[in-house]
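Colleague: Each chain is listed here by its residues.
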Amino acid sequence: MSEGRGTSRLWTRREFLATSAGVGAGLVLLGGCGGGAGGGAGSGSGQLTFQTWASTSGEQKGFRGLVQRFEKENPDASIKLEIVPGEQQYTKLDTRLAAGEGPDLARMQYQAIGRYSSQGALVDLSEYLDGDEASAFTPAFWQAVQYEDTPYALPHHTDTFAVFYNTGMFDKLGIEVPKSLDQSWTWDEFIQVAEQIKGEGVAKYPFAMNWQTAGAAYRWMSFLHQHGGQLLNNDLSGPMIDDSAGIETIAWNQSWFQNDLVPPSTSIKSTELIESLFANETIAMMLQGDWLIPYLVDSMKADWGVTYMIQDVEMASDMGGNAVGVTRDSENPELAAEFVKFIASEEQMAQFCVDAQFIPVRKSLVKQGLDYSMRPKEMTVFVEQSETVPETMAAEQTIPKFNEINQVLADELELAFKEGQSPEKTAKNIASETKEILG
Amino acid sequence: MTLRQPENPATKDGGAPSGVRGWWNRNQRLLIPYIFIAPNVVVFAVFMFLPILLAFYISLNEWTLIGFPTFVGLSNYLDMLEDSEFWRAFYNTGVYTVGTVPTSIALGLAVAVGLNRKLPGRTLLRSIFFVPVIISLVAVALIAAWIFNDNYGIINAALSAVGIGDVPWLSSARWAMTSLIIATLWIRLGFNMVIYLAALQSIPTELYDAARVDGASGWRRFRHITWPLLGPTTFLLVIINIIYSLHVFDLIYVMTGGGPGFSTTVLVQYIYQMAFTEGQMGYASAIGVVLYLLLLIITVFQWRVTRQSENV
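Protein chains in written order, with the numbering used here: chain A, 10 to 448; chain B, 704 to 1015.
Treat each hint with caution, since some may be false.
As the list claims (entries may be wrong) - Restraint ranges, calculated between C-beta atoms of paired labels, are given here:
id	chain 1	residue 1	chain 2	residue 2	range
1	B	Leu-996	A	Glu-445	23 to 33 Å
2	A	Gly-129	B	Leu-757	16 to 26 Å
3	B	Leu-757	A	Ser-441	25 to 35 Å
4	A	Glu-209	B	Ala-758	55 to 65 Å
5	A	Asp-380	B	Tyr-780	57 to 67 Å
6	B	Ile-1000	A	Glu-209	24 to 34 Å
7	B	Ile-1000	A	Ala-143	45 to 55 Å
Think of the hints as simulated: they come from the structure by calculation, not from any bench. Here a beta-carbon is modelled for each residue, glycine too, at the ideal position from N, C-alpha and C.
From just these sequences and the hints, can you work out the full model?
Modeller: Have a look at this one:
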């Protein structure tokens, strides 16, 4: 068997190849290991990472502006803005926290705070605050960032729902919209308008509600509260949804689907984007949030307007919006808290809300109104509407296990809307599963 | 020239080499193959084997990712037996698999046989069929969602133009699964076609010539030559397609979100929902383990059946 020539060399060719293959493998592994550790720690004393999503260009502009202005005021600080797609925000945050490499700062919906604060993932901000925050913020939103009476994030902004309508179709049918908040349509009046639209056939379907996808099922709770109902009892220890108010609300929403008032594709577990249906005039009205205004300005050819959210025995509109908190993995919580206070300050909150077309959560800003560049008349409706977010609903939606209850709402309401499950059974199922979740 | 023992610098006196050098000299032929496969094995162990073991372990716990795991033994598995949503997802996954696997393989075979002969534009046609395979699944799902959209999708627009009414492609429980299967077939066809094409080209043409001389028709040639010789390929494709179908997630999540109702919720989506929406990593891992065992059983069963038929 020939070993080749040159056997008097130190290494044969085979040995050389074998050794370098092994060394190469070792280097790849080491390189892989080394890269992972770099995520969490900053390289200097003033570096922070801020993980957020920004679904519209306005939001992106808003966040970049905040970062720039903070860095200008604090030249030794630098903030790395990490923008991820909306659906990935929590998944990414969870996995980073599990690895001990959470970002310094994270944006989250009010409904998501409870899960993180109750498991110690967010830093208690009380030692960094001045103490006058409680009275400065709109009550529902200050309530929303508390866990066991301690603030774990600061409210940043909100958005809420109102009724968008196609002005051309309304003019054609001679429909007049309510001119003030207290004159907003009642449930009956709203259905009357819908039936009129359906009867005259000006649009394929009268309206649609934005509660897609399963993660947004909690938006149904606005209707529950409008009808005087509650998801949970007053001390948040057990369900209250299976009372008559709950059952009637479910029945009312179910009737939309049974009576063809909404497109069948707009139930909860759907991927339909109702703003597209509104923009291409498939529907004449939509119950939708203010953050879609930039989309409509860009994409909708027909004229549209906004009127107040519907009411029943009470007024209630969706608690949208987000807060920003400091995660437990932050190595510089003081600086991070400074940034949170900065963005929640009056001037910065005003600027961000104007950039991103959101609603402020400071009482002073709500009172004075903001100078929106896009559709200011319509934004005034939303700002007024934001004060109708019930504090009870805010408390319900911010309990630690709300995400599990939200999934139950999605599952059961979907069955009621799409498979005709009776309202009684739906309410009973939601109540019993909620009881199990709350323990 | 006579062969002689290579001189070993370590032992000038020409005796048996000792120490590490000696050990290496004696065993290098045995060890070198292992060194070459070592990188691959290590990567496989770290990124596949280890997570599978971890998943087994996590399935015996309750864990929210943010907090710490608590050991609960087999209770996740017991809960699964009583979870009607799990069984619904299981059933839907089965329906989806039965709907996509035989159809996509049959279509792939048909197209492969068709494009195996000399046709003008054959290469272009083959490329057209294969392109869906390399497009991102999410992109396909988004576009499919628009095409199948009840209200403004192209399909319904075309149906209306010829007088047939709208079909509730994505908003009715009955049609949603069908739409998903159609979208899947579009993607999988190309992959199966390419594999079959490669296999078809390895069938010796003399067999066909001989059969033709004996007077066998096209169908008989297919049934008695092509089909049996494609046996191993078919087996491979059945396994691969079943694995793909049992793993489906992106396409369904983007097209229907698991709705309407529960009609298109599949196992992997249920796992995702449990793990990340509801923060129940332990339960999600348990379902993952069940899925893994299911795949294992299917693969072993297939393998046995094929081995037996080869022995006959």
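Colleague: Hint by hint, note whether the structure agrees.
Modeller: Evaluated hints:
1. Leu-996(B) to Glu-445(A): 23 to 33 Å: Check passed, 28 Å falls within 23 to 33 Å.
2. Gly-129(A) to Leu-757(B): 16 to 26 Å: With a Cβ separation near 23 Å, Gly-129(A) and Leu-757(B) satisfy 16 to 26 Å, so the hint holds.
3. Leu-757(B) to Ser-441(A): 25 to 35 Å: Holds, since Leu-757(B) and Ser-441(A) (Cβ atoms, about 34 Å apart) stay within the stated range.
4. Glu-209(A) to Ala-758(B): 55 to 65 Å: Check passed, 58 Å falls within 55 to 65 Å.
5. Asp-380(A) to Tyr-780(B): 57 to 67 Å: This hint holds: roughly 59 Å between Cβ atoms.
6. Ile-1000(B) to Glu-209(A): 24 to 34 Å: Given range 24 to 34 Å: violated, Cβ gap about 59 Å.
7. Ile-1000(B) to Ala-143(A): 45 to 55 Å: Given a distance of about 59 Å, which is not inside 45 to 55 Å, the answer is violated.
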